[in-house]
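So you can see what is in the structure, the chains are spelled out below.
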Amino acid sequence: MLSVTEHKEIEFSSALIKQFDEIVTRYPQGKQKSALLPVLHLVQAEYGWVSPEAMDKVASYLQIKPIEVYEVATFYTMFFLRPQGKYVLEVCRTGPCCLVGAEKIMDHIEKTLGVKEGEITADGKFSWRGVECLAACGMAPVLQIGPDYTFYEHLTNESVDKLIETLKNKI
Amino acid sequence: MARKLLLENINVPGIHTFDVYRQNGGYRSVEKALKTMTPDAVVEEVKTSGLRGRGGAGFPTGMKWSFLAKPEGRERYLVCNADESEPGTFKDRFLMTHIPHLLIEGMIVASFALGAKTSYIYVRGEMMPQIRILERAIAEAKNAGFLGKNILGLGYDLELYVQPGGGAYICGEETALIESLEGKRGNPRIKPPFPAISGVWACPTVVNNVETIAAVVPIINDGGEEYAKIGNGRSTGTKLISASGNLKKPGVYEIELGVPVEEFIYSDEYCGGIANGKRLKAVVAGGSSVPILPANLILNTINGQPRLMSYESLSDGGFQSGSMLGSGGFIAFDEDQCIVRNTWNFSRFYHHESCGQCSPCREGTGWMEKVLHRLEYGHGKMSDIDLLVDVSKKIEGNTICPLGDAAAWPVASAIRHFRDEFEWHVNEPKEAVARNYGLAKYADPLPKLEEVVSS
Amino acid sequence: MSEKVKVTIDGITVEVEPGTSILNAARQIGGDIVPPAMCYYSKLEGSGGKCRTCLVKVSKGSEKDPRPMPKLVASCRTGVMDGMEVQNITSPEVIEARKGVVEILLINHPLDCPICDQAGECHLQDLSFEHGVGNSRYEFDRRTFEKIDIGEKIQLHMTRCILCYRCVYVANQITDNRMHGILGRGDASEISTYIEKAIENDFSGNVIDVCPVGALTDKTFRFKNRVWFTKPVDAHRDCPTCKGKVTLWYKGDEVLRVTGRKDQFGEVEDFICNTCRFETKNTSSWIIEGPRHIAQTSVISSNHYEFVPLPVIKENQVLIEANKIEFERATKI
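Respectively, the protein sequence lines represent chains P, H and U. In terms of our numbering, the first sequence opens at residue 7 and continues consecutively. In terms of our numbering, the second sequence opens at residue 109 and continues consecutively. In terms of our numbering, the third sequence opens at residue 30 and continues consecutively.
Quick caveat, the hints were computed from the structure, so don't treat them as lab data. Please note that a few of the clues may not be correct.
To be verified - Some chain U residues judged to face chain H by a derived CB distance under 10 Å, without partners named:
1. Gly40
2. Ile41
3. Pro47
4. Leu84
5. Pro95
6. Pro97
7. Thr107
8. Val262
Said to hold, decoys possible - Where chain H lies over chain U, by a calculated footprint (3+ residues, C-beta under 8 Å):
9. 73–81
10. 100–106
11. 130–136
12. 160–173
13. 206–216
As the list claims (entries may be wrong) - The list that follows gives simulated cross-link-like pairs (lysine-lysine, DSSO-like), each with its CA atoms no further than 30 Å apart:
14. P:Lys24 - H:Lys225
15. U:Lys72 - U:Lys248
16. H:Lys292 - U:Lys176
17. P:Lys37 - U:Lys248
18. H:Lys489 - H:Lys501
19. P:Lys37 - H:Lys538
20. P:Lys24 - P:Lys39
21. U:Lys176 - P:Lys71
22. H:Lys292 - P:Lys37
23. P:Lys117 - H:Lys292
24. P:Lys117 - P:Lys176
Here a beta-carbon is modelled for each residue, glycine too, at the ideal position from N, C-alpha and C.
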């Protein structure tokens, strides 16, 4: 698994904690563990990934064991356990998308960005990966970009180029 | 034009806002139920409607509701399953994006019927935009007095929350969804106990699909009997079909159950035929897990009857020559598609999505994927084909949850109906990598039944 | 006390308490008709249902509702009903399904039995021998994992793990601070602490005893000897932490290892503390009770440390004679 040599303490901002506090009120008393998934999403939106330090912090906030957080974070595929590019292009690679060219779109992205699936571009801006069905088969091929999970439909090589260009120029 | 119950107002500008939705007759069912009906009467109405779960299993909703245990002094919960992830299915995304208040209206009525004071909509995490849409809509509804304390001054309290998933197909299984809602790994529970007795936080719980909940609205507005008049036999009402693949007009269509499959594929009211002037090779009619059928068997049953879009007709012929309506994920394959490649693709999906809790699914799905990969890439052996069938049988029915079956059926059915194509991949590996098998005889008219019987 | 219910398993009827599982009802009957269990552990709440080796066929649901159950069910997690009829070894369907489960459990197992400390008392080994087929149809590389160190006393071999979850239940239910769990998903699931660290608390060693395979073994016994060359002896001591009832495993007069006392189903009678298990390996610390009985089917009992003639021999004059010679030879050595 993970060998961590350096363990840096982190502090969640008060704005983040405030959002956690609201989420916890959605569940009955003592069932705050239910907040784990929404809280991890917020952490990832803030830091770009869920680091072991952040998970330990989440555990202590929710008063659960750290291992309970690790178990969950490693189960769900949306949580990045390592740092990623600023924009992670997640392309649907499941059947219906492949019927209309998703595999070619992935090849094109690989060529355009010059990095393999899971790798980060030198400028730290992009990484990409194939993901399983995004439930948008009628708009295939599709990709999404977190943390807002904006959706891009009916992809073509040209529309992908345009998207990458726009993101490159975004500060 | 066929009758629309859920998507009637889908094209009204601004229908995603509370005001426009309300002006178009929205939230009438909440008023009707809370003012004039008892919770039990709502349950009865749903029973009368014959509504069956729209998530895939097709279990009668009214019956599911009546199973809910009601122990004194214990909370009960309604959880909406919006973890839409079955390849080929995107109707719930469509509904939540464009007409979110329909779901919220249905949630209020259903929660009232079940006596739930807090309800959750569990949305798959990737649908963050839909989560925001729903949260906004909930705030609007609350503002208008349809949610929160003392709804419409009628003494009923309900809080409604949206819960995001984290990226796991398995959470569409209701007990895995409950585990996930509790902040755990999405491992399906071993049943019994069923959620109706012990669900979220060990309280009695009903889990219903988005479309099922939405269908409660017209059922209460027009009455269960009216709803039951629509459709065909035990397939009552309308169904959202997610049409994808090589179709001229992929998208979400609301159909009256019982529309002929041929009409659905080829008429301009629906999919408008196969894209790019190609011919139809195969269809997966109800989401990736249901058996794939060649063109001739999807258009007609083995008895030569036109096949209809209904629970019964799609499953006519059992697994020998039929399929299932499932979640209504209708995927069409044109003549250029490779069935082996698609079977491998689906197999990779189930391998990726297996939770890993029980051994046949955890190990078997990976095994099938590897064998299919080998076949697709020209390294297969003839014995691989029977091996796949055998491994699929070792998984099917022997797992904790239906994901095992869902992984086994596409493989078994693809080999059952497209064995020639699999064998061709073994016999002509070089060619199989370079080109596709093509349409072959898969769209040929079925032999007359007498010929089948005599041979 | 509530009224007992009648259940028939492979034609043998037994009366059990309501709420008993089919598996436990079968254990009350005993013998061949007891389904194998790789993940269920009666002393661990919530265990079972996962490995699918205990699948049985319910051919009659109950007296009230005689319909058969549509699928095979996990006998460890299915409760008996009055009048229920169950088929285990009498059902070809069950035998076939079990064979499938065994094959599937083995496809990614390293089969490194020659160097595995669990060999000889491994439940997967027994299961494969009794219910498996001789060959595998799996032709791909077996799964591997990055090795992690979980401390000085316990050795984790993830490649051997069958994900029964027992060790997780142990950590949850008898220790106060679970540090390991199941991480990842599907066939990439693994037992891990995520961030490498030692699993330390007074009862952590029990994960070794509950592990059905060689995934969690005793580092203090590692490569010391094959289990079938050691002789199990029950012993106890006054322990401030646990009941102190253990089995000592001797080679000559040296205690090579200490474990809980395992019954015929491989379950410990009492969980023991780490002091008894890892730190107390001199005979003088223990009060010896006598040889531990090990099932005759086990390779461990083949070295006749118990000095009891096999029961079948009692009725056969020729064998009694032969056994006498064997007995004398064994005691002389």
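Results for each hint:
1. Gly40: At 24 Å from the nearest chain H Cβ, Gly40 (chain U) fails the 10 Å test, so the hint is violated.
2. Ile41: Violated: closest Cβ of chain H sits about 25 Å from Ile41 (chain U), beyond 10 Å.
3. Pro47: violated (14 Å)
4. Leu84: OK, holds: Leu84 (chain U) within 10 Å of chain H, min 6 Å.
5. Pro95: For Pro95 (chain U), the interface hint is violated, since the closest Cβ of chain H sits about 19 Å away, which is over 10 Å.
6. Pro97: At about 13 Å, which exceeds the 10 Å cut-off, the nearest Cβ of chain H leaves the hint on Pro97 (chain U) violated.
7. Thr107: holds (8 Å)
8. Val262: It is violated, given that the least Cβ distance between Val262 (chain U) and chain H is near 35 Å, above 10 Å.
9. 73–81: Held - the stretch 73–81 of chain U has 5 residues with a Cβ nearer than 8 Å to chain H, which meets the minimum of three.
10. 100–106: holds (count 4)
11. 130–136: holds (count 5)
12. 160–173: With 3 residues close enough to chain H, the hint holds.
13. 206–216: Since three or more residues must qualify, the claim that chain H covers the stretch 206–216 of chain U holds, with 5 doing so at under 8 Å.
14. P:Lys24 - H:Lys225: With a Cα-Cα distance of about 25 Å, the restraint between Lys24 (chain P) and Lys225 (chain H) holds, given a limit of 30 Å.
15. U:Lys72 - U:Lys248: holds (24 Å)
16. H:Lys292 - U:Lys176: Holds, at roughly 26 Å.
17. P:Lys37 - U:Lys248: Between Lys37 (chain P) and Lys248 (chain U) the Cα gap is close to 39 Å, so the pair fails against 30 Å, i.e. violated.
18. H:Lys489 - H:Lys501: holds (19 Å)
19. P:Lys37 - H:Lys538: violated (58 Å)
20. P:Lys24 - P:Lys39: holds (16 Å)
21. U:Lys176 - P:Lys71: holds (23 Å)
22. H:Lys292 - P:Lys37: The hint holds at about 12 Å.
23. P:Lys117 - H:Lys292: Given that 30 Å is the threshold and the Cα spacing comes to 38 Å, the pair is violated.
24. P:Lys117 - P:Lys176: holds (21 Å)
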